[in-house]
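Read off the chains here:
Number of protein chains: 2
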Amino acid sequence: MSSHTDHSQKTVTAAILVIGDEILSGRTQDKNMAWLAVQLNEIGVQLREARVVPDIEAEIVDAVNKLRAKYNYVFTTGGIGPTHDDITADSIAAAFGVAIDYHPEAMNILTRHYETSGIEFNAARKRMARIPDGATLIYNPVSKAPGFRIENVFVMAGVPMIMQAMFAEIAPILQGGAKMLSRTIGAGLPEGRVAQKLGELQGVYPNVSMGSYPYFKQGEVGTNLVLRSTDPEALNAAFDALFDWLKTQGVSASETS
Amino acid sequence: MSSHTDHSQKTVTAAILVIGDEILSGRTQDKNMAWLAVQLNEIGVQLREARVVPDIEAEIVDAVNKLRAKYNYVFTTGGIGPTHDDITADSIAAAFGVAIDYHPEAMNILTRHYETSGIEFNAARKRMARIPDGATLIYNPVSKAPGFRIENVFVMAGVPMIMQAMFAEIAPILQGGAKMLSRTIGAGLPEGRVAQKLGELQGVYPNVSMGSYPYFKQGEVGTNLVLRSTDPEALNAAFDALFDWLKTQGVSASETS
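Protein chains in written order, with this note's numbering: chain A, 1 to 257; chain B, 1 to 257.
Keep in mind that the hints were calculated from the coordinates and are not lab data.
In this text, all values refer to a predicted model and were calculated from it rather than measured experimentally.
One or more hints might be untrue.
Each pair may be met inside one copy or between any two copies, as identical chains are not told apart.
As the list claims (entries may be wrong) - Okay, derived cross-link-like pairs now, BS3-like style, lysine-lysine, Cα gap no bigger than 27 Å in a straight line:
id	residue 1	residue 2
1	31	66
2	70	144
3	10	70
4	126	66
5	31	217
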């Protein structure tokens with residue numbers, strides 16, 4: 001793949017919808033957002049928005065419908081377990097205006113799973129086989145209860161280990177576009193000293209997004225300068241221009257990851 | 001304060017808007033959301049939604065306007081530094097349809113700060129004194145550059161240490177309502193075995209929100225059952241009913257935090 005084909009590809013965007021009171025109460029620290037952001041970028045999908053909503057159907061419906069209209073892909077996490085507060089599947093069905101019922105393949109998977117493990121396949125566990133009409137299953141190699149895809153919305157578990165396994169199932173079918181490339185300089189100067197130069201360079205390289213993130217390490221003030229672009233040539237040119245300027249300032253500067 | 005006045009108070013809601021490409025790229029793991037959720041609840045403010053948007057004015061404006069119309073308070077983090085990608089102040093001004101200019105008090109604070117520290121107060125740093133018309137400052141004891149409040153929107157830094165110091169400044173002026181109380185049982189059984197009972201109890205105690213979160217620890221499967229309510233009597237009654245039932249099931253169950 002040549003560098004030229006890279007940045008001539010179209011931009012593919014995504015949003016993440018995190019569903020769950022436990023995130024909004026602060027009880028659980030969401031870890032799926034950052035993980036998915038990195039994985040999506042690897043396959044040329046750019047995360048453009050994330051939302052966290054409570055276990056309330058109207059809120060889930062509203063968020064899903066807004067996000068699926070705006071982005072190429074929507075990934076939801078959470079709310080697909082066996083308990084009464086797991087309302088994601090019903091909410092997605094409501095968002096799409098379709099019915100929801102026990103999905104034959106999901107029932108088969110779970111019947112086999114609980115038979116094998118000698119655990120009762122009770123009514124609560126059968127809830128996990130309820131899938132909106134028209135959706136296809138996302139297999140769950142960890143704990144079996146599947147996620148599902150309906151149009152451009154991918155519904156996954158909230159437990160990171162399970163979500164990651166589900167994502168591995170769907171990654172091959174996602175259609176990526178231009179991949180966002182990134183280079184970072186760790187510079188031993190405060191933001192305020194590089195800000196003007198960075199703004200100038202941003203004008204020179206409009207296709208390179210330039211971010212500046214101060215850090216404080218062992219009493220030292222520094223700035224991570226993150227350059228991002230789908231165009232590797234522009235990225236490298238901007239990187240070199242910034243790096244060369246930093247050297248003229250007599251401050252430490254090195255490429256970091 | 002008696003337990004009765006607690007749950008007769010009104011519900012006060014909030015949303016958090018995290019602003020920054022670095023969160024959506026996965027480069028930085030957001031830590032402000034969970035921290036603020038806990039702090040807000042301490043003062044009787046319930047976090048109901050969180051959003052993460054990129055450094056794009058139209059996205060910030062749209063999110064701020066949606067959230068400030070829907071919730072009692074909105075807290076933003078990120079994008080108030082000296083570099084060109086710090087566009088939060090301008091975006092908030094645009095959201096409120098007000099002008100933005102150098103704020104005299106913010107200029108004084110920063111002038112003094114840079115004089116004292118012998119650092120040039122250059123044009124980039126002066127950007128941090130630009131505050132929307134009608135806003136009041138939120139002092140920043142860590143690095144001086146202030147945040148601000150305009151109506152029900154509180155604009156804070158993204159660096160957790162600075163955000164936390166700013167929140168300490170504004171916490172006393174927030175008007176809290178009913179505080180969400182919470183009790184958790186760690187139970188040595190899978191979700192699917194407690195789901196039916198939990199659903200039944202949810203029907204009996206409609207004012208107690210019941211959440212169920214599976215865990216896998218050293219090969220053992222268990223479930224954290226989280227009961228939340230603004231009504232301490234209902235909370236305790238629901239807790240006792242669930243705890244007593246778990247004991248009849250011959251599984252381990254203990255109150256955890």
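Inset, instruction - Up to 27 Å between alpha-carbons, please classify residue 10 paired with residue 70: within, between, both or neither. - result: Answer is within; shortest intra-copy Cα gap is 16 Å, inter-copy 35 Å.
Inset, instruction - Could you place residue 31 and residue 217 in one of the four classes (within, between, both, neither) given a Cα distance threshold of 27 Å? - result: This pair counts as both: shortest intra-copy Cα distance 24 Å, inter-copy 18 Å.
Legend entry - Alpha-carbon proximity context of residue 126 and residue 66, limit 27 Å: neither (30 Å within a copy, 38 Å between copies)
Inset, instruction - At 27 Å max between alpha carbons, let me know whether residue 31 reaches residue 66 within a copy, between copies, both or neither. - result: both (23 Å within a copy, 26 Å between copies)
Inset, instruction - Classify it for me, residue 70 with residue 144: is the Cα-Cα distance of at most 27 Å met within a copy, between copies, both or neither? - result: neither (31 Å within a copy, 38 Å between copies)
In summary, the structure is inconsistent with hints 2 and 4 from the numbered list given earlier, while agreeing with the others.
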